[in-house]
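Residue-level listing of the chains:
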Amino acid sequence: MAKASNIRLADVKKINSELFTLTYGSLVAQLIKDYEDDDEVNKQLEKMGYNVGIRLIEDFLAKSGIGMCADFKETADVISKVGFKMFLGVIPTVSNWSADGKEFSLLFDDNPLTDFVEIPPGHQNLLYSNIICGVLRGALEMVQMRVECRFLRDVLRGDDATELRVKLVELLQDEAPPSDE
Amino acid sequence: MPAFDSMFVCVAVVGKNNDPLFLKGFTDEAELKFHYIVHTSLDVVEDKVANSGKGNPEMYLGHLYSIEDYKVYGYITNSKNKFIVVMKDRDGVPKDNEIKSFFRRLHVVFANMFCNPFYTPGQPITSESFGRTVATLASSL
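Residue numbers (the working numbering), protein chains in the order written: chain D, 1 to 181; chain B, 1001 to 1141.
Check the hints yourself; a few may be wrong.
As the list claims (entries may be wrong) - Computed list of chain B residues with no C-beta within reach of chain D, every gap over 12 Å: (1) N1018; (2) E1029; (3) D1043; (4) V1044; (5) Y1060; (6) I1067; (7) E1068; (8) S1079; (9) N1081; (10) V1093; (11) S1127; (12) S1129; (13) T1136.
Stated by the list, open to error - Simulated coverage check for chain D against chain B, where a stretch passes if three residues somewhere in it have a Cβ under 8 Å from a Cβ of chain B: (14) 17 to 23; (15) 46 to 59.
Claimed, not checked - Within a straight-line C-alpha distance of at most 30 Å, the following computed DSSO-like cross-link-like pairs (lysine-lysine) qualify: (16) D:K33 <-> B:K1100; (17) D:K63 <-> D:K85; (18) B:K1088 <-> D:K33.
Since the hints were made in silico from the structure, they are not lab data. Values in this document were obtained by computation on a predicted structure and should not be read as measured data. A virtual CB, placed ideally from N, CA and C, is assigned to each residue, including glycine.
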């Protein structure tokens, strides 16, 4: 697809992936120490991801130069082939479309966030990569889509694959700007 | 079941304060005996390290000492983590190169385990996958 190759690779700065992985790992470990509750940590990771996503989308649109997507299916392809490739260097597979075309799954063969990680026993509910869910939610909200993202399966928890489910809840209409009063 | 017993009878990881982090025996011997053998080898390790003095010290320490029918080999990292390996003394004496390469691979596996954000340095290694990888490495010799 011509659009994908328009990414100006010279603008993409690289850092050592181990540094990135270790930084994220430290972050999650610290959150666990602070909050002590897996569900709370999951929530915080998602919130942090949301804050990243609403900003990341601008960077993404500027670097990729991709215009509006015709439909949700195209959105899914762009997310996996351009978005994830640009920021995490992986291309998850888009699959398991629902009948109404409003839900799909992203299957990850590998995830740079989770290199070397083993979740200690007693933290079975921890969604280690939950920041990704937040990033997707935030980014898509900025392009007028409200989605819900959650991890269905995770290799770190002993499942056979990592599957992220994305569900389009509604298309946001442009809201009138807040009145001056 | 491996077709032949691996030469390795025990693999141990000792931290920089000489605290045991990991010990795995591959025969039916009581673990306590291996703990004793590894503990004794630590003195030899300190000797060797002190003797190598200035200049480029090698990480591979070679044959440390022999006890009963076991031979003990050592390897120390720059972060003072030590790997000790106990082998059964047999006719087919393993070449130094093979042991060196085993230690190098063990070092890589150890570094990967160390990068786990949930592993606290200095704590005993409880990771099952580390244990399994070490067992596979050991039986491959």
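Each hint, compared with the structure:
1. The Cβ of N1018 (chain B) sits about 25 Å from the closest Cβ of chain D, beyond the 12 Å cut-off, so the non-interface label holds.
2. Against chain D, the non-interface label of E1029 (chain B) holds: every CB pair exceeds 12 Å, the least being about 28 Å.
3. No Cβ of chain D comes within 12 Å of the Cβ of D1043 (chain B); the nearest lies about 33 Å off, and the non-interface call holds.
4. The claim that V1044 (chain B) is not at the interface with chain D holds, since no C-beta of that chain comes within 12 Å of its own (minimum 32 Å).
5. Every C-beta of chain D lies more than 12 Å from that of Y1060 (chain B), the closest at about 25 Å, which supports listing it as non-interface.
6. At roughly 35 Å, the least C-beta separation between I1067 (chain B) and chain D is larger than 12 Å, which holds for a residue marked as non-interface.
7. Interface exclusion of E1068 (chain B) from chain D stands, the closest Cβ pair being 36 Å apart, more than 12 Å.
8. For S1079 (chain B), the condition that its CB be more than 12 Å from all CB atoms of chain D holds, with the nearest at approximately 16 Å.
9. No beta-carbon of chain D comes within 12 Å of the beta-carbon of N1081 (chain B); the shortest separation is about 16 Å.
10. A cut-off of 12 Å between C-beta atoms confirms that V1093 (chain B) is not in contact with chain D; the least separation is 35 Å.
11. The Cβ of S1127 (chain B) sits about 6 Å from the closest Cβ of chain D, inside the 12 Å cut-off, so the non-interface label is violated.
12. In this structure S1129 (chain B) is not separated from chain D by more than 12 Å, as the shortest Cβ-Cβ distance comes to only about 6 Å.
13. Interface exclusion of T1136 (chain B) from chain D stands, the closest Cβ pair being 16 Å apart, more than 12 Å.
14. Taking a C-beta to C-beta cut-off of 8 Å, the segment 17 to 23 of chain D contributes 3 residues in contact with chain B, enough for the three needed, and the coverage statement holds.
15. Check result for the segment 46 to 59 of chain D against chain B: violated, 0 residues qualifying (beta carbon to beta carbon below 8 Å, three or more required).
16. Among the hinted pairs, K33 (chain D) with K1100 (chain B) is inconsistent with the structure: their alpha-carbon atoms are about 39 Å apart, more than 30 Å.
17. The straight-line distance between the Cα atoms of K63 (chain D) and K85 (chain D) is roughly 12 Å, inside the 30 Å bound, and the hint therefore holds.
18. Restraint check: the Cα-Cα separation between K1088 (chain B) and K33 (chain D) comes to about 44 Å, which exceeds 30 Å; the hinted pair is violated.
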